[in-house]
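There are 2 protein chains.
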Amino acid sequence: MTLRKGDFILIDYVARVKETGEVFDTTIEETAKKERLYKEGEIYEPKLVVIGEGWVLKALDESLTTMEIDKKTSVEIPPEKAFGERDPEKVRRVPLRHLAAKGITPNLGMRIEYNGKMATVRTIGAGRVLLDFNPPLAGKTLVYEVTIQKKLKTIKEKISALIHRRIPVVEESKFKFTVREKAVTIEMPEEAFYLEGIQVAKRGIALDMQRFFPKITTVKFVETFKTEPKKETKT
Amino acid sequence: MTLRKGDFILIDYVARVKETGEVFDTTIEETAKKERLYKEGEIYEPKLVVIGEGWVLKALDESLTTMEIDKKTSVEIPPEKAFGERDPEKVRRVPLRHLAAKGITPNLGMRIEYNGKMATVRTIGAGRVLLDFNPPLAGKTLVYEVTIQKKLKTIKEKISALIHRRIPVVEESKFKFTVREKAVTIEMPEEAFYLEGIQVAKRGIALDMQRFFPKITTVKFVETFKTEPKKETKT
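Top line first, the protein sequences correspond to chains U and G. According to our numbering, the first sequence is numbered sequentially starting from 1. According to our numbering, the second sequence is numbered sequentially starting from 236.
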């Protein structure tokens with residue numbers, strides 16, 4: 001099966017720095033835990049990618065059409081196609097007391113905010129620290145080990161995945177929806193009623209529908225509040 | 236037409252302190268402006284009251300069933316049925332510098348926060364101020380001049396008013412809804428999609444329906460996102 005631009009796929013990946021082998025990102029919970037990347041509350045699961053949309057690094061996105069489903073593939077991305085080359089000018093020596101004044105006790109490799117910019121602590125000397133304002137992955141060649149788990153084929157699968165992408169904390173299967181020619185009607189599960197940003201997520205889903213299914217002109221969200229009948233009264 | 240507990244009515248009122256004639260609350264914009272009570276952003280319009288629900292002071296609520304529609308009626312409410320008697324123990328003299336330390340320059344009659352409680356500045360002396368922690372209307376006899384503008388008769392009128400009560404900033408007529416035996420379906424206008432607290436307002440409306448119309452067991456809210464069709468494709 002050939003993949004092409006516009007295809008909906010679910011991918012798992014492990015992203016490493018080539019030189020050191022250090023894992024800096026992954027969709028796989030077990031790997032995240034093993035590599036001490038795991039964050040409580042984060043959702044580890046195959047990531048929806050619509051090929052060509054730029055939802056992953058461009059170099060990775062472009063290589064997806066050459067991959068096969070279920071077959072682990074490595075993609076090597078040089079710095080200039082990843083986070084850029086390291087700029088030696090972006091390294092500065094600053095007095096330790098400037099950090100102390102902000103309540104920061106620097107450790108090697110620590111990420112700190114300095115004058116509104118993020119920096120990495122590179123060395124700590126007598127009264128001075130070396131701060132590196134380059135992005136942490138600047139100058140690094142990255143290796144993505146990617147497995148395309150699935151290609152989504154039906155409009156139902158695709159819509160379901162688009163909804164899940166905007167509201168990841170609620171189980172995908174809890175969203176029931178119908179597709180009728182030009183209209184999609186989505187029945188929202190109660191768990192999603194009071195999520196922060198839920199209204200903006202709905203708008204995002206509606207815009208996604210327009211983008212990927214131009215025939216759909218109406219997206220309806222339905223929230224149903226059911227109550228226990230208090231007494232049986234004849235209607 | 237006799238009014239009774241459970242009736243839905245719309246009332247206008249002007250509330251005064253009996254002794255001074257000072258207006259402290261009203262539903263009428265013109266009066267609010269004349270009395271310098273007017274607040275930008277506040278909505279001045281007849282207030283929905285379901286008689287007996289305690290949505291107004293109890294003494295006022297109880298007198299509503301004796302009133303006639305469209306006939307201005309005065310209700311006098313003694314302090315014990317309004318904001319309570321004044322407690323002379325709740326008055327304290329405090330050093331002016333305590334207020335200065337918090338950046339407060341007191342004026343007579345000003346409301347300030349002091350140690351987490353609201354107080355009224357009563358007198359300002361040499362280095363001291365007298366703070367009154369009684370509610371501003373404690374000890375006052377209140378006079379409500381009430382006009383019942385309308386009694387709501389149909390379930391449609393009542394539901395519409397209940398929706399408006401929870402979402403007052405959007406015009407009442409913009410909410411379209413249908414009532415079908417046990418279910419109410421409310422089509423939300425776009426202006427209401429992103430209001431702060433809109434999801435909690437919906438829950439409130441659903442609970443109101445259950446309370447006042449026990450036969451209704453389902454309340455559906457529908458939000459429709461319409462998009463301009465991007466291209467005419469045959470379905």
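Errors might be hidden in some of the hints.
[To be verified] Capping the alpha-carbon separation at 35 Å, the derived lysine-lysine pairs in DSBU-like fashion look like this:
hint: 1; chain 1: U; residue 1: K150; chain 2: U; residue 2: K220
hint: 2; chain 1: G; residue 1: K455; chain 2: U; residue 2: K215
hint: 3; chain 1: U; residue 1: K174; chain 2: G; residue 2: K461
hint: 4; chain 1: G; residue 1: K253; chain 2: U; residue 2: K220
hint: 5; chain 1: U; residue 1: K174; chain 2: G; residue 2: K455
hint: 6; chain 1: U; residue 1: K174; chain 2: G; residue 2: K411
hint: 7; chain 1: G; residue 1: K337; chain 2: U; residue 2: K102
hint: 8; chain 1: U; residue 1: K158; chain 2: G; residue 2: K411
hint: 9; chain 1: U; residue 1: K220; chain 2: G; residue 2: K337
hint: 10; chain 1: G; residue 1: K274; chain 2: U; residue 2: K174
hint: 11; chain 1: G; residue 1: K253; chain 2: G; residue 2: K274
Hints listed in this document are in silico derivations from the structure and should not be mistaken for laboratory results.
Comparing the hints with the structure gives:
Distance hint between K150(U) and K220(U) is fulfilled; the C-alpha atoms sit about 28 Å from each other, no more than 35 Å. Simply put, K455(G) and K215(U) have alpha-carbon atoms about 26 Å apart, close enough for the 35 Å limit, and the pair holds. Of the pairs offered as hints, the one joining K174(U) and K461(G) holds, with about 24 Å between alpha carbons and a cut-off of 35 Å not exceeded. Restraint check for K253(G) and K220(U): the C-alpha separation of about 53 Å exceeds 35 Å, so the hint is violated.
A distance of roughly 17 Å separates the Cα atoms of K174(U) and K455(G); the hinted pair therefore holds under the 35 Å criterion. About 27 Å separates the Cα atoms of K174(U) and K411(G), which keeps this hinted pair within 35 Å; it holds. Proximity of K337(G) to K102(U) is assessed by CA-CA distance (about 26 Å); at most 35 Å being required, the pair is judged to hold. Proposed proximity of K158(U) and K411(G) is supported: the alpha carbons are some 31 Å apart, at most 35 Å.
As the CA atoms of K220(U) and K337(G) are separated by approximately 52 Å, the hinted pair breaks the 35 Å bound. With a C-alpha separation of about 44 Å, the suggested pair K274(G) and K174(U) falls outside the 35 Å cut-off, and the hint is violated. For the given pair, K253(G) sits about 23 Å from K274(G) by alpha-carbon distance, which is consistent with the 35 Å threshold.
Consistency with the previously given hints fails for numbers 4, 9, 10, ordered from lowest to highest.
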